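Trainee: Residue numbering for the sequence shown follows our numbering, beginning at 936 and increasing consecutively.
Just so you know, these hints were derived from the structure itself, not from any lab.
Check before you lean on any hint, since a few could be wrong.
Said to hold, decoys possible - Taking CB as the label site, the calculated pair distances span:
1. Ala1085 to Leu1273: 56 to 66 Å
2. Arg1469 to Met1399: 13 to 23 Å
3. Ala1085 to Gln1346: 23 to 33 Å
For clarity, every value in this text was computed on a predicted model and none was experimentally measured.
Cβ coordinates follow ideal geometry from the N, Cα and C atoms, glycine included.
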Amino acid sequence: MRNQYKSYLAEYGVKANSATHSTMSTPPLPQGAGYAVVLGLGFAFALFMNVITWIQTRFSKFSPNSASEFSAASRSLKNRSRRGRNWTWSLTLLQSATQSYEMGVSGGYWYAVGGMLQIAVFSVIASKVKINANRATTFPEVAYIRFGTAGHLAFLWCGIICNAIVSACILVGAGSVVTALTGMNPYASLFLIPVGVAFYVATGGLRATFISDATHTFLLVLILIGFSFYIFTGSDVIGSPNRLYDLLVQAAEQFPVEGNYHGSYLTYRSRPGAIFGVQVIITGFGLVTCDQGYWSRAIASNPSTTARAYFLGGFAWFSIPFCTGTALGLGARALTVLPDFPKLSPFDVGAGLAAVECVSYLMGTFGSVLMLLLIFLSVTSALSAELIATSTLLSYDVYRHYFNPKATSQQVVTASRYFIAFWAVFSAALGSIFYSVGINLGWLFYFLGVSTASGVFPIALTFMSVTFLDLSDPPLAGSVGGMAIALTVWLVTAKAYLGAITVETLGHQWVSFAGNVAAIVSGGILSIGLSLWRPANFDWEKLRSMAVVKDKDDELSPSPTTTQSSNDSVRDDKTAEEKQNVDVEAVPAKRSGAEEDGLDIPELNRTFKTYTIAFSALAFIITFLIPGPLGGAPYIFSRTFFKAFIGIMFIWLFFTFYLVAILPIIESRRALIRITRDMFSRKKSETTSTE
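All chains should be built: construct the whole structure from the sequences, respecting the hints.
Mentor: Written out as structure tokens, the structure reads:
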């Protein structure tokens, strides 16, 4: 077994005692550039966001001092294209390029498929959230009503674990790039990046993250368009799809991909690509169910638009990893045939630095600056979502649920702000620990599915299945028990297959594949099996009529088309004593929760069916119909086919730009005009709706 472990290390270019940090050459930018972006630009943007928040508070009815506004944006967001923006992490940009660098054309595609499915599937789940739990603020709250304390703690554990790994993953990826480009101390970057983000999130709450998503994604997509055009039209080294094709053919001769048809980078017939496709889909589903960030955005949306928003968000997001994989990942691989292109160590590749080196080599200092800005934009947008999501979990499901059931709206907001600061420091510390032991972006990506996929079935069924057993057994066994099984399989496979349990062996593709599959399968078997053994008949009205905390400080009045503005949901109280300890405004018995909230349940059910069909068709097309024939046939892309492939990438990228940059302005034009008019007339808008 020990020899097998040594063979594995040799195969992947890792020496037994090799360095576990980047071995890249001299950084192309000075350290000052790193501090200028992380501190200067970070705080400048935080100040800008705080000004926007002040304008919102001064000239609209929305105040971030209200718990409903701070944690759920008053459940009034109407923009159909906003969902999906904040899912462009540093991981999205770097890992997709890494997969294409290592596997060829299928790598970036499979990464995009996994992410697109995880966002689009929430169009289905979000419909059920609006139908069955419109008053919930977090997904563990729903578990408490259905399963009691044990179920609540199980889901809370899944949410915290997921947000911890995601937050660390975002920071580790960003820190690696900042250090590689500027030579900035990696630990300094890990701790300083969250500071500016926490500053504006703690001030503006969830709505501030949507505004930052808008500005960041606009610039991010523009930079990606610029990179792509330069690589395929302006570069003296590549400059055209034909030249890239020739270089990739040459790269396959010098560095063939084991498991690819003829070792080619221009084929979908790829064993590592297929394995990665399964992994990224499992990881995506685990992430979408356990990350409170998804639930926060579904809850914040107007019921009439939330499903469409997630579906369009998935389409918009697809082009980003597809583009970075195709342009930067394949570009980096093509450049490896040139003698003066820097050699990347296995750690550099795992850290996502292939894309960074490609841009720096082709575009020089200007490209390095743009790449630094690109990563900064992605990490601040994504981290802001994680900060508000985790603070919502901690303030609602820990502070208010277990420590201060009588908490007022202002107390919940204050607690949320403290938790934002705490999570910023915690994420930086966790990222520093990972970095110090040699755990990079790629390793964390593979581990994400192992640690979260067990929650897919129990959490989804909680919102969607009326027969899900109303005891703590299924969610507890499925989520926490499945996680324990997955971790055990992961460790045992590393020991049995490679002879040792180390950072390197645990990051092996087959080892992490075993852990991913064990997580989702065990979680499904345990939760579904227990429910079939003792099926229930849950009354959804218990969720729809969740009590609402009386928000004495909130001036907002209920909207007929949205949830009540005083929407801080509490669990369906289990005892009379608990009811006496919570300051609630009871829902009149003569009206159902759906009627109280102005929900059209038949219409929402039609939306659910529509997007279930749409998602199923989408999943079949991008998972089987497109890659199936390409991967099943012994086919290497022809020059003409490859140029068409590049053309599709550009078309999709411009479609994304329309969805995330132009359409939101069109949708929000009335609100923008109204606020601008009110600013000049110095009066506060009387309307409470947003667009």
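Trainee: State for each hint whether it applies.
Mentor: A quick look at each hint next to the structure:
no. : hint                           : in the structure
1   : Ala1085 to Leu1273: 56 to 66 Å : holds, 59 Å
2   : Arg1469 to Met1399: 13 to 23 Å : holds, 18 Å
3   : Ala1085 to Gln1346: 23 to 33 Å : holds, 27 Å
Checked against the numbered hints above, the structure breaks none of them.
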